[in-house]
Amino acid sequence: VLSGIRLIKYFAWESFYAHQVGTLREREVRTIRRLVAARALLIGAVTVIPVAATVLSILTYALTNHSLNVATIFTSVQYLTIIQIPLILLPIVLASVTDALVAIRRIGTFMRAEELSGPYEIDENAEFAIDVDGDFTWEAVRKDENAVN
Numbered sequence: 002v003l004s005g006i007r008l009i010k011y012f013a014w015e016s017f018y019a020h021q022v023g024t025l026r027e028r029e030v031r032t033i034r035r036l037v038a039a040r041a042l043l044i045g046a047v048t049v050i051p052v053a054a055t056v057l058s059i060l061t062y063a064l065t066n067h068s069l070n071v072a073t074i075f076t077s078v079q080y081l082t083i084i085q086i087p088l089i090l091l092p093i094v095l096a097s098v099t100d101a102l103v104a105i106r107r108i109g110t111f112m113r114a115e116e117l118s119g120p121y122e123i124d125e126n127a128e129f130a131i132d133v134d135g136d137f138t139w140e141a142v143r144k145d146e147n148a149v150n
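Residues 2 to 150 (our numbering) make up the sequence shown, in order.
Simulated from the structure, these hints should not be mistaken for laboratory data. Each residue gets a CB set at the ideal place from its N, CA and C atoms; glycine is no exception. Zero decoy hints are in this set.
Restraint ranges, calculated between C-beta atoms of paired labels, are given here:
#, residue 1, residue 2, range
1, 53, 25, 36 to 46 Å
2, 83, 112, 41 to 51 Å
3, 109, 73, 49 to 59 Å
4, 118, 32, 32 to 42 Å
5, 18, 116, 15 to 25 Å
6, 111, 61, 52 to 62 Å
7, 64, 38, 33 to 43 Å
8, 29, 49, 29 to 39 Å
Required output: the full structure, derived from the provided sequences and hints.
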């Protein structure tokens, strides 16, 4: 990593790589924001669903001509409250497990990466910083006097 940084500094490629990393970071931040919004909606829905299920269960029980007394209401509310906390925690636990698996995979990929044999050697006596044996062509364009490099 340090030899890569040294190479970027040596050839003054900071602005190019800063732009590349910035572009990738913007994409990553957009993806993370979408993920956080989806999680917030899921957690909100999972928090509301048990309460709505309790109300709808009691309402359905009453509308189907069953006798509604305190013992029945108290028992059903207690049972639904007991399962409410696990239902609320389920998406949070699943999201945390997913994050942990992604992190473990990233760390594993990094740890399995091939070790560099040594730092990149720079020939101080070389005539050019980079010597490319290639043919390059491009279309001629009109020079814009107002252009800023």
